[in-house]
Amino acid sequence: MLVHAHPDDESIGTGITMAKYVAEGAGVTLVTCTLGEEGEVLVPDLVHLGAEEEDRLGPHRITELHNAMAALGVTDYVRLGGDYRFRDSGMKWEGHLAVPRDALRDGIFWTTDLLTSANELVPLIRDRKPQVLVTYDEVGAYGHPDHIQAHRVAMYAYLLAGVPTYRPDLGEPWTVRRVLWTANSETRMREGIRALRAAGDTTTWEGVDPDVAGSLPMTVPDESIVAEVRGPEYVDRKIAALRAYPTQIAQDSWFFTATETIEDFWAAEHFRLAAGEPFPDSDKWADDLFVGL
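Sequential numbering from 85 applies to the sequence shown in this note's numbering.
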């Protein structure tokens, strides 16, 4: 089970993982917490759908989500609490990190009571009975308030779902055996930015020098990573899923040009262990999220 904030997040961060395990016959459930109503619209003919105009981007992004899941082969995908239950909170940029906006709408995911949100995920966990739960780290990878809230909801629901006496009306208790946080390898990011610069791309990650010591934004040290899901044979599916989101990802974006510049750029996804059973061999990255379970 994967818990993501908006349609497109799942394909960007875990598209290879989802496609691989679907192809191998594992049960894959995607839980999307909001419809991404506050997202910027990159298709000129669809700008009118945006939150500041007709505010109809949410329904359109459901269609994009359907197309992306078809590309990845995922058939079990739901919205937390149902469509329109929690609204996208929006964000603003401060450098390379996202932060909450100064003015917030009512009813957004970021400000919703944590227990209220977690109680929508608990019955899904108890019903699907996943062995592995995947979500973001405590900073939501890059600070987006909805990513942080998705992390909090997933971690709280993971605990509550396993308590035998907690809300029996939400299903039989289920303890997820392993909880993972998505991660961006610092080493891999440095290699990627170097390759982009060598190819003449000076705008992607503008201002970030991969050769300067210190941590890169949106990355974690390699030693904190415990697993790498590699699937070069699924890159085409991931790219197709990304292209299913034209309102959010420009068709000439580095998301697509990177595959031409950097061999196997999208072929691997990385994870940190957050809770549950450790991987059997801690001296190297595991290549299977289920190993040892």
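FYI, nobody ran anything at the bench for these hints, they're computed from the structure.
Misleading hints may appear alongside valid ones.
Said to hold, decoys possible - Cβ-Cβ distance ranges computed for the label pairs, FRET-style:
#1 Arg278 to Trp177: 17 to 25 Å
#2 Glu137 to Phe374: 40 to 48 Å
#3 Ser366 to Val292: 42 to 50 Å
C-beta atoms are modelled at their ideal positions from N, C-alpha and C, and glycine is treated no differently.
Return the numbers of the hints above that this structure violates; sort them in rising order.
-> Violated hint: only 3; rest satisfied.
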